[in-house]
Amino acid sequence: MYAYENYRKVKALIEERRLNAIAESEARCAEVAMRSEDVRIIDAELRGVGLRLFKAACAGEDITPIKERNQFLFAEKRRALKNMGLSEDYTEVHYTCPDCSDSGFVGTKMCRCFRELLITENIKSSGIGRLIEKQSFDNFELSRYAADKKSYELMKENLEIAKEFAKNPGSPYSTLLFIGDTGTGKTHLSTAIAKAVIERGLEVVYDSVQNIISDFEADRFKSGYGPYEPRADKYLECDLLIVDDLGTEFVNQFTVSCIYNLINTRQNKGLATLISTNLKPRELVSKYEDRIYSRLVGCDSKILVFSGADARIES
4 MYAYENYRKV KALIEERRLN AIAESEARCA EVAMRSEDVR IIDAELRGVG
54 LRLFKAACAG EDITPIKERN QFLFAEKRRA LKNMGLSEDY TEVHYTCPDC
104 SDSGFVGTKM CRCFRELLIT ENIKSSGIGR LIEKQSFDNF ELSRYAADKK
154 SYELMKENLE IAKEFAKNPG SPYSTLLFIG DTGTGKTHLS TAIAKAVIER
204 GLEVVYDSVQ NIISDFEADR FKSGYGPYEP RADKYLECDL LIVDDLGTEF
254 VNQFTVSCIY NLINTRQNKG LATLISTNLK PRELVSKYED RIYSRLVGCD
304 SKILVFSGAD ARIES
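Quick note: the sequence shown uses our numbering, first residue 4, plus one each step.
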């Protein structure tokens, strides 16, 4: 749903670019026509070329002379523009993207300009935009774990698993659980995965467990008056959901129900979910009932334990 909204937004932006480019070209044409009678005469004849070509083709006549005349007129116009101190392509439409002429597509394939704008919009709507600017797989520094060989080997393996998960989110396991203390790299790898998945054109939503539950609560107690757009649907539908700080929420019957529904629904759909928590495994057992815990650590899940000193304190 949210990915489609981003698609519509980008499509509208590119269409606006195209219309602006055409309008600017028309304004330059009008300006030149006011300044040069020669250009006015040339443009008047050029406007009739298409019709003459069509009539000649329908009549089975040779269209070569018409094409040659057309080329001659364009050459004369370029010469006239140059004599006016203007560039030869001054009156032409200058598209932002020459590859697709601001249509967003080259043939039936999405143009690179469309894809780049779509990635940007997906990053903005993911909830992790600013972090993506500075955190990726490329700058995840394993060297900071080198003081402890065990931590280093553990984090090296975590990095490889995270990269593989980003390549094919949802397979072979739909849920990735990051367990570790603050500052051990959970957020950095979460961000790196999000960045890689978004760049593949998939929809990512990143949010704290408190905000997610708050949105479910808003949907549950929404007013019956006036239009209302559901807030929590995105958590159940996106290609990758990243849930931050599991365990910091206040646990009651409603929050437990939300968390269970969220994880269970996404696992049943085969959608990828990444959950990070500062809780130890035994704390997860005591905090959540069996049906949640079994889904967090079950066969459809992969647990990554993070180790090492707090990088936030070190820096």
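FYI, nobody ran anything at the bench for these hints, they're computed from the structure.
As the structure is a computational prediction, the values presented were derived from the model and not from experiment.
Incorrect hints may appear among the rest.
[Said to hold, decoys possible] In the BS3-like style, the derived pairs of lysine-lysine whose C-alpha atoms are separated by at most 27 Å in a straight line are:
#	residue 1	residue 2
1	153	14
2	305	152
3	14	85
4	14	159
5	152	14
[To be verified] Simulated restraints on C-beta separations:
#	residue 1	residue 2	range
6	136	36	44 to 52 Å
7	96	156	55 to 63 Å
8	108	38	30 to 38 Å
9	115	233	44 to 52 Å
10	123	97	41 to 49 Å
11	285	15	50 to 58 Å
12	123	38	24 to 32 Å
13	133	48	36 to 44 Å
14	63	123	47 to 55 Å
Glycine included, each C-beta is placed from N, C-alpha and C at the ideal position.
Verification of the hints:
1. 153 x 14: Judged against 27 Å, a Cα distance of about 50 Å means the pair is violated.
2. 305 x 152: Distance of about 23 Å is within 27 Å: holds.
3. 14 x 85: Since the Cα atoms of residue 14 and residue 85 sit roughly 36 Å apart, the hinted pair is violated (cutoff 27 Å).
4. 14 x 159: 41 Å, violated
5. 152 x 14: Between residue 152 and residue 14 the Cα gap is close to 50 Å, so the pair fails against 27 Å, i.e. violated.
6. 136 x 36: 44 to 52 Å: 47 Å, holds
7. 96 x 156: 55 to 63 Å: Holds: the Cβ-Cβ distance is about 59 Å, inside 55 to 63 Å.
8. 108 x 38: 30 to 38 Å: 37 Å, holds
9. 115 x 233: 44 to 52 Å: 34 Å, violated
10. 123 x 97: 41 to 49 Å: Cβ of residue 123 to Cβ of residue 97: about 22 Å, so the range 41 to 49 Å is violated.
11. 285 x 15: 50 to 58 Å: With a Cβ separation near 52 Å, residue 285 and residue 15 satisfy 50 to 58 Å, so the hint holds.
12. 123 x 38: 24 to 32 Å: Check failed, 40 Å falls outside 24 to 32 Å.
13. 133 x 48: 36 to 44 Å: 56 Å, violated
14. 63 x 123: 47 to 55 Å: 52 Å, holds
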